[in-house]
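2 protein chains.
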Amino acid sequence: MGRPALLLLLLAALVPGNSVALRPALRILGSLHLPSRTSRPAVVQNYSVLYFQQKVDHFGFYNPKTFKQRYLISDKHWKKEGGSILFYTGNEGDIVWFCNNTGFMWDVAEELKAMLVFAEHRYYGESLPFGAHSFKDSRHLNFLTSEQALADFAELIKHLKRTIPGAGDQPIIAVGGSYGGMLAAWFRMKYPHMVVGALAASAPIWQFEGLVPCDVFMKIVTTDFRKSGPSCAESIQRSWDAINRFSTTGTGLRWLTQALHLCSPLTLDDIPHLKEWISETWVNLAMMDYPYKSNFMQPLPAWPIKVVCQYLKNPNVSDSLLLQDIFQALNVYYNYSGQAKCLNISETATSSLGILGWSYQACTEMVMPFCASGIDDMFEPFLWDLKQFSDECFNKWGVRPRPSWITTLYGGKNISSHSNIVFSNGDLDPWSGGGVTKDISATLVAITIADGAHHLDLRANNVYDPASVLRARSLEVKHMKQWIGDFYVSDARRQH
Amino acid sequence: MGRPALLLLLLAALVPGNSVALRPALRILGSLHLPSRTSRPAVVQNYSVLYFQQKVDHFGFYNPKTFKQRYLISDKHWKKEGGSILFYTGNEGDIVWFCNNTGFMWDVAEELKAMLVFAEHRYYGESLPFGAHSFKDSRHLNFLTSEQALADFAELIKHLKRTIPGAGDQPIIAVGGSYGGMLAAWFRMKYPHMVVGALAASAPIWQFEGLVPCDVFMKIVTTDFRKSGPSCAESIQRSWDAINRFSTTGTGLRWLTQALHLCSPLTLDDIPHLKEWISETWVNLAMMDYPYKSNFMQPLPAWPIKVVCQYLKNPNVSDSLLLQDIFQALNVYYNYSGQAKCLNISETATSSLGILGWSYQACTEMVMPFCASGIDDMFEPFLWDLKQFSDECFNKWGVRPRPSWITTLYGGKNISSHSNIVFSNGDLDPWSGGGVTKDISATLVAITIADGAHHLDLRANNVYDPASVLRARSLEVKHMKQWIGDFYVSDARRQH
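Protein chains in written order, with the numbering used here: chain A, 23 to 518; chain B, 23 to 518.
There may be inaccurate statements among the hints.
A pair counts as met if it fits within one copy or between any two copies, since identical chains are not told apart.
Each computed SDA-like pair below joins lysine to any residue, with the alpha-carbon atoms no more than 25 angstroms apart [said to hold, decoys possible]: (1) Lys435 - Leu466; (2) Lys183 - Lys435; (3) Lys460 - Tyr333; (4) Lys183 - Arg422; (5) Lys180 - Leu296; (6) Lys135 - Leu405; (7) Lys328 - Asn338; (8) Lys101 - Asp513.
Calculated from the structure, these hints are not laboratory results.
With these hints in hand, go ahead and build the complete structure from the sequences.
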């Protein structure tokens with residue numbers, strides 16, 4: 023079973039994350055706190071860090087507790103006359119990191135005369151409702167839901183409108199990527215009086231029970247590898263059995279440890295996790311398959327899958343040669359900087375809480391069914407087993423998922439009565455399988471970005487950007503200007 | 023201070039209901055359980071009583087408790103081909119009583135080939151999340167919110183669609199009156215994927231902080247009395263001082279007790295409550311000023327305010343004559359049946375929990391500011407004092423109101439992006455002051471019913487109905503047919 027273990031949405035959850043399954047994702051989120059090479063320091067310095075007192079429970083009156091939500095503001099290009107506010111609906115991580123990785127907002131601020139606001143999601147970064155106890159148990163985690171996060175955004179927006187002179191009468195646009203994009207779309211759906219529209223980039227709002235086939239995600243990953251090099255996906259597909267064959271003896275396990283340059287010796291029990299860790303690497307490469315050097319999750323070369331696939335041209339070699347190739351491929355992802363002495367499949371990153379939060383969310387509301395057939399994709403087959411998933415969640419968090427709740431709450435595919443949402447998706451991005459990739463109405467618009475990975479459009483302009491993403495960004499700005507214009511027209515009408 | 027004490031929405035809350043202030047409203051809700059004279063027994067028998075297991079907390083995963091929500095179904099006129107479902111979003115009381123007092127739904131069922139569903143609101147009637155402990159303290163009451171009630175409706179609808187063959191593909195329309203009308207409108211706003219439209223009858227969705235003047239309600243009550251008899255409002259206006267003058271001596275209090283035929287002797291401390299009780303009577307008469315004999319809250323004659331005003335033609339008489347007239351007027355409301363031996367201003371009705379629930383809701387989300395100037399209205403002046411209100415709430419329930427939350431959540435006046443809601447209001451109804459009485463868009467439509475009291479349009483057809491309410495009902499049906507038709511057109515499009 024080579025399913026990735028726990029992907030955040032930027033690396034979303036396939037399994038609820040028992041301690042073993044958690045490890046790879048923890049390692050990955052650990053890097054979220056590294057400074058990003060692609061961030062633009064001149065811009066990055068240019069925001070204020072502020073805090074807003076939020077109720078821990080917006081939906082009840084028994085608990086009077088509050089906590090401080092962090093948010094960032096930049097008003098460098100903001101104009102009180104005819105301006106706007108772009109409001110980033112923060113997702114499962116440190117808001118500074120999202121701020122630094124959403125260059126699009128910085129790039130369009132001047133054109134839209136926009137104030138930029140980045141609101142941190144509760145239970146992530148510094149916005150911890152119960153401080154160090156926030157992840158202690160299901161009682162403390164009870165207020166980690168998308169509904170509470172949207173209510174935080176609504177209260178924060180009211181606060182900004184009330185306290186920033188000139189902001190009260192301005193159109194606000196929600197912007198988000200990945201889970202943040204889902205929140206941006208849902209915020210426009212549930213609080214249309216707060217925002218005139220939403221840009222939901224790479225937002226898999228349909229990656230839920232019964233809405234898309236559970237294998238769509240892994241198929242897209244596979245397609246990316248198929249396109250990026252001859253026999254590349256085939257090599258990976260064959261690698262699972264090769265690993266299995268080496269796993270049967272002590273000699274084989276020792277050889278594997280050495281061939282993959284692992285930091286710790288493998289035991290037979292580690293093998294499922296090893297395959298999860300490798301699978302997750304391929305998934306992450308698909309998400310981060312950007313056309314230029316980047317450092318979103320890991321330092322990576324331009325078009326990293328192409329680089330990886332240069333090592334995976336020969337599926338029909340011996341098991342040992344094949345796995346030596348796999349190591350070279352993994353090494354592109356884990357050691358592009360050349361600093362790593364060995365690859366660590368069990369590294370943990372306790373300094374980051376983000377992964378804990380997402381693991382809980384995946385076990386409650388954000389129940390995303392994944393599977394692989396091993397036929398239409400390059401992964402070892404695995405089924406979506408809700409029962410097992412639910413049991414693992416119960417063991418880990420003492421809660422059970424409600425897999426249909428998100429669809430009950432946000433409408434699933436039946437969202438045509440809403441308006442002013444742009445859904446953008448890159449065709450390389452495995453999350454596009456759960457995204458809105460066709461127009462739903464004249465004001466619920468889908469933009470597909472050829473050769474685009476995970477929310478490429480939200481990243482800063484880059485000389486290596488394909489024409490498709492430039493077109494997408496320009497369309498996005500066109501829609502945003504339309505919403506802003508409509509707001510001012512009806513505002514003028516109200517005043518006359 | 024002659025402000026009414028605690029009105030449900032069908033008698034909404036002016037003050038949070040300390041034990042004294044609660045009394046009159048308790049008395050009134052006590053009568054909710056009497057069989058209604060205007061109910062139509064042949065129809066009333068014709069429904070099934072069912073129960074659906076609901077989560078106590080839809081918005082968290084810590085509390086695994088469930089409770090049984092009661093709902094009523096009638097499918098006598100339902101057609102699987104081209105039919106529809108009318109879904110009554112139950113408000114602050116026993117659902118059977120609402121079912122029996124919403125004759126409109128029964129009257130239009132055949133024309134719309136409609137199944138009728140009446141869903142009880144949690145914490146009312148039999149739908150008590152913690153049984154007898156439901157009102158014990160703020161911990162048990164924590165799940166009494168409009169959001170939880172809407173989520174109950176959503177889960178129930180999903181259940182009906184899943185379990186009733188043929189219901190899955192049918193358009194559903196939310197229908198409600200008063201607070202139930204607010205819920206119907208909000209349900210369409212928050213769950214537009216669940217219902218194709220909503221009929222929100224006499225729904226004061228704007229009776230909240232900063233949206234309408236706090237004295238609008240009492241002004242409309244006063245206008246009703248002014249219109250119904252010469253000097254009628256003036257007589258009432260003068261009565262407060264007359265009561266005050268009698269209250270200063272023991273002899274005066276004894277005389278008052280006798281003149282008003284009260285069951286218990288008045289003390290000086292009772293006087294504020296006496297005036298609240300009288301004020302509330304005038305308010306209730308305004309709400310129930312129907313053109314025919316009715317028994318909604320109390321047995322009443324046709325056009326009861328006209329009857330009341332026959333006793334209140336002479337404001338410029340002595341205090342004692344004026345208060346004897348006031349007694350005759352009160353007697354119309356409290357003793358139309360002729361059974362009462364005395365009038366009881368401190369009757370309690372512990373058998374009904376509805377009033378407790380609404381008192382809590384008024385202290386948390388449903389914070390409706392009321393006031394009277396005593397100049398533009400016939401009441402003793404009273405101010406809206408949020409601080410005092412909040413303190414009273416804290417003393418009673420251990421919670422403090424969040425007066426702006428409803429507007430944050432549901433949008434206040436900024437709701438134009440929604441669609442398919444009919445807001446109907448009778449111009450006699452004091453709640454129309456907080457209602458939507460002008461079209462907001464082509465699909466957010468206001469219908470005003472001349473000579474209409476509180477949701478007259480939802481009541482059964484009656485030969486004494488004014489032409490205005492016949493027109494209103496026919497317009498409402500026209501809109502409902504439009505929504506149903508649109509649903510089937512786009513449904514057909516989806517299938518081809």
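Among the hints numbered above, which are violated by the structure, and what are their numbers in rising order? 3, 5 and 6
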